[in-house]
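2 protein chains.
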Amino acid sequence: MKATNIVWSDGYLTSTDFEKRFKQKGCVIWFTGLSGSGKSTISERVQKELFEMGHIVYVLDGDNVRHGLNKDLGFSPDDRVENIRRIGEVAKLFRQAGIIVLTAFISPYRKDRDTVREIMDEGSFLEVYVEADIETCKKRDPKGLYEKAIAGKIPEFTGISAPYEEPLKPELTVDTNGETVEQSARHVIDLLKSRKII
Amino acid sequence: MKATNIVWSDGYLTSTDFEKRFKQKGCVIWFTGLSGSGKSTISERVQKELFEMGHIVYVLDGDNVRHGLNKDLGFSPDDRVENIRRIGEVAKLFRQAGIIVLTAFISPYRKDRDTVREIMDEGSFLEVYVEADIETCKKRDPKGLYEKAIAGKIPEFTGISAPYEEPLKPELTVDTNGETVEQSARHVIDLLKSRKII
Numbered sequence: 099m100k101a102t103n104i105v106w107s108d109g110y111l112t113s114t115d116f117e118k119r120f121k122q123k124g125c126v127i128w129f130t131g132l133s134g135s136g137k138s139t140i141s142e143r144v145q146k147e148l149f150e151m152g153h154i155v156y157v158l159d160g161d162n163v164r165h166g167l168n169k170d171l172g173f174s175p176d177d178r179v180e181n182i183r184r185i186g187e188v189a190k191l192f193r194q195a196g197i198i199v200l201t202a203f204i205s206p207y208r209k210d211r212d213t214v215r216e217i218m219d220e221g222s223f224l225e226v227y228v229e230a231d232i233e234t235c236k237k238r239d240p241k242g243l244y245e246k247a248i249a250g251k252i253p254e255f256t257g258i259s260a261p262y263e264e265p266l267k268p269e270l271t272v273d274t275n276g277e278t279v280e281q282s283a284r285h286v287i288d289l290l291k292s293r294k295i296i
Numbered sequence: 099m100k101a102t103n104i105v106w107s108d109g110y111l112t113s114t115d116f117e118k119r120f121k122q123k124g125c126v127i128w129f130t131g132l133s134g135s136g137k138s139t140i141s142e143r144v145q146k147e148l149f150e151m152g153h154i155v156y157v158l159d160g161d162n163v164r165h166g167l168n169k170d171l172g173f174s175p176d177d178r179v180e181n182i183r184r185i186g187e188v189a190k191l192f193r194q195a196g197i198i199v200l201t202a203f204i205s206p207y208r209k210d211r212d213t214v215r216e217i218m219d220e221g222s223f224l225e226v227y228v229e230a231d232i233e234t235c236k237k238r239d240p241k242g243l244y245e246k247a248i249a250g251k252i253p254e255f256t257g258i259s260a261p262y263e264e265p266l267k268p269e270l271t272v273d274t275n276g277e278t279v280e281q282s283a284r285h286v287i288d289l290l291k292s293r294k295i296i
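If you're matching them up, the sequences are chains A and B in order.
If you count the first sequence from 1, you need to add 98 to reach the working numbering.
If you count the second sequence from 1, you need to add 98 to reach the working numbering.
Only chain A is shown next, with the shape it has when bound in the complex (with noise of 0.2 angstroms):
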């Protein structure tokens, strides 16, 4: 990469010098859906198809911040406020350095996703409902954890014994209960590029 023209004025770089290295906006993709939905498998493939793209993208999810930032948090009402809270705070920092961000967490009440759209720049936030009938997830179910949910060994399970509050104005939904991985990655995909994010 060549160096571009940045001005050496007070302060750090900005969004816009980041932005135009990396030929691409920093933006936050929150996919939201039940557990076995498809937000992980959908994530880690649009996550793929950019990278071969050449653009900067990374994923939060359970695994890097619920042992890690939220490592203190629990599963109450309180705690998975704070959840969507922190991590909505760390994708707005990752969508400042320029980098496309995407997040794959249940994030069940539309109240939390609000919140976090309104932290953002305008149409830096695109939310991507993952839908999948309940019966269709419990099939899938690769942790075996609807089957524990079912069971009341896991309480306030989304979808089984806690609420899950679907997204009324997404900017996308993808229906796994019919499309493939690809299908859903390449909407997307094409998602991205209608907004002239890349």
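No wet-lab data here; the hints were simulated from the structure.
Keep in mind the model is a prediction, meaning the values are calculated, not measured.
Fair warning: there could be bad hints in the mix.
Identical chains share a label here; the pair holds if one copy fits it or two copies do between them.
[Claimed, not checked] Under the rule of at most 35 angstroms between Cα atoms (straight-line distance), these lysine-lysine pairs were calculated in the DSBU-like manner:
1. K236 x K118
2. K118 x K241
3. K291 x K118
4. K146 x K118
5. K251 x K118
Guided by the hints, dock chain B onto chain A, whose structure is given.
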């Protein structure tokens, strides 16, 4: 940027994928020192020089962290610990994304800094002690904070009414009593070269 060969196996891209693409190692350069010692000024200079060289580099500082992720935290002992813990965890995420992340926080307690060091992979946490006499800092006092602190208007102000524990074994010390910003920045960049980060 040309696509590199990535493995389409299960899971997200790894640090190794990013580092190969970015031609750098992800790392955390942790600046610590008194208010007015020059942490922000030096990190700004280092960021811009690295960016000019083609590197991917982001800065975490009070402006983007205290008003967002850590806006629920005050300056009590517990909150200070949690403040640094979260910054460390966020820095770790940026590092995992293959990015060189600079942090510019007073971070006065040795134990808190060491806790951050412990969560990082060996060699990816570089502590830079930005050394300046308290008298020098008081003279600079760009935000008039020392004046207020001495007048008792800011409680628990590091160096005046709260302790600063200097690093015992920092990877680098820059002495801004005598060095110019350019010289200090050069020392940091030389450190990155000697550690084969860049």
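Results for each hint:
In this homomeric assembly, K236 and K118 never come within 35 angstroms of each other (Cα to Cα): the closest approach is 44 angstroms inside a single copy and 39 angstroms across copies. Proximity of K118 and K241 under a CA criterion of 35 angstroms is satisfied inter-copy only: 32 angstroms between copies versus 41 angstroms inside one chain copy. For the homomeric pair K291 and K118, the shortest alpha-carbon distances inside one copy (16 angstroms) and between copies (26 angstroms) are both at most 35 angstroms. For the homomeric pair K146 and K118, the shortest alpha-carbon distances inside one copy (22 angstroms) and between copies (14 angstroms) are both at most 35 angstroms.
For the identical chains of this complex, K251 and K118 are neighbours neither inside a copy (50 angstroms) nor across copies (43 angstroms), given an alpha-carbon limit of 35 angstroms.
Consistency note: the structure conflicts with the earlier hints numbered 1, 5.
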